[in-house]
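Chemist: Produce the entire structure from the sequences given, and follow the hints as far as they go.
So the protein sequences, as listed, match chains A and B.
Okay, so the first sequence: first residue is 222 according to the numbering used here, each after it adds one.
Okay, so the second sequence: first residue is 222 according to the numbering used here, each after it adds one.
I should point out that these hints are in silico values taken from the structure, not numbers from a laboratory.
Treat the hints loosely; a few may be bogus.
Since the list gives no way to pick one copy over another, a pair counts as held whenever it fits inside one copy or between any two copies.
Stated by the list, open to error - Capping the alpha-carbon separation at 35 Å, the derived lysine-lysine pairs in DSBU-like fashion look like this:
{"no.": "1", "residue 1": "243", "residue 2": "261"}
{"no.": "2", "residue 1": "231", "residue 2": "261"}
{"no.": "3", "residue 1": "231", "residue 2": "286"}
{"no.": "4", "residue 1": "261", "residue 2": "225"}
{"no.": "5", "residue 1": "286", "residue 2": "240"}
{"no.": "6", "residue 1": "225", "residue 2": "240"}
Residue strings, one per chain:
There are 2 protein chains.
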Amino acid sequence: MKAKIIITPKKAVLDPQGKTVKNALAHLGYTGVSDVHVGKYIEIDLDPAADRETARQTLADACHKFLSNPIIEDYRLELE
Amino acid sequence: MKAKIIITPKKAVLDPQGKTVKNALAHLGYTGVSDVHVGKYIEIDLDPAADRETARQTLADACHKFLSNPIIEDYRLELE
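Modeler: Set out below in structure tokens:
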């Protein structure tokens with residue numbers, strides 16, 4: 222079982238990395254870009270025998286407690 | 222139109238961030254984690270009128286040239 226976690230800065234929070242990528246794209250001639258957000262991607266390989274619901278709960282807990290900073294970041298957790 | 226780019230270290234490359242997250246999860250009692258990979262996630266908002274195929278090509282080019290380091294990283298590009 223695989224868990225994919227995407228952590229992005231909240232919309233209201235300054236995203237200097239995103240701004241830099243946006244400017245770089247514009248300088249290199251890639252037009253039509255209206256906004257860029259840069260975040261983190263975490264892929265976790267889990268024991269295939271693990272219970273899906275328990276895994277979801279423990280990972281959501283880990284996301285909230287230490288993988289993301291819930292004050293300035295949002296996370297999305299997908300299990301597959 | 223939105224482009225989502227996921228950049229991950231290649232399997233053969235050391236991933237110290239992934240190792241750290243794996244160890245941290247184990248220390249905090251989250252068992253059943255066999256491997257962790259940490260990468261980057263870039264979300265790009267594009268002009269809705271832009272041509273899909275052109276956008277895909279220019280973004281693939283940007284990914285290859287400066288968003289990722291193709292020697293040590295893989296990227297996945299999704300348009301939606």
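Chemist: Now look at each hint and say whether the structure bears it out.
Modeler: Verification of the hints:
no.: 1; hint: 243 - 261; in the structure: both (17 Å within a copy, 15 Å between copies)
no.: 2; hint: 231 - 261; in the structure: both (13 Å within a copy, 16 Å between copies)
no.: 3; hint: 231 - 286; in the structure: both (17 Å within a copy, 28 Å between copies)
no.: 4; hint: 261 - 225; in the structure: both (11 Å within a copy, 12 Å between copies)
no.: 5; hint: 286 - 240; in the structure: both (27 Å within a copy, 18 Å between copies)
no.: 6; hint: 225 - 240; in the structure: both (25 Å within a copy, 16 Å between copies)
Of the numbered hints stated above, none is contradicted by the structure.
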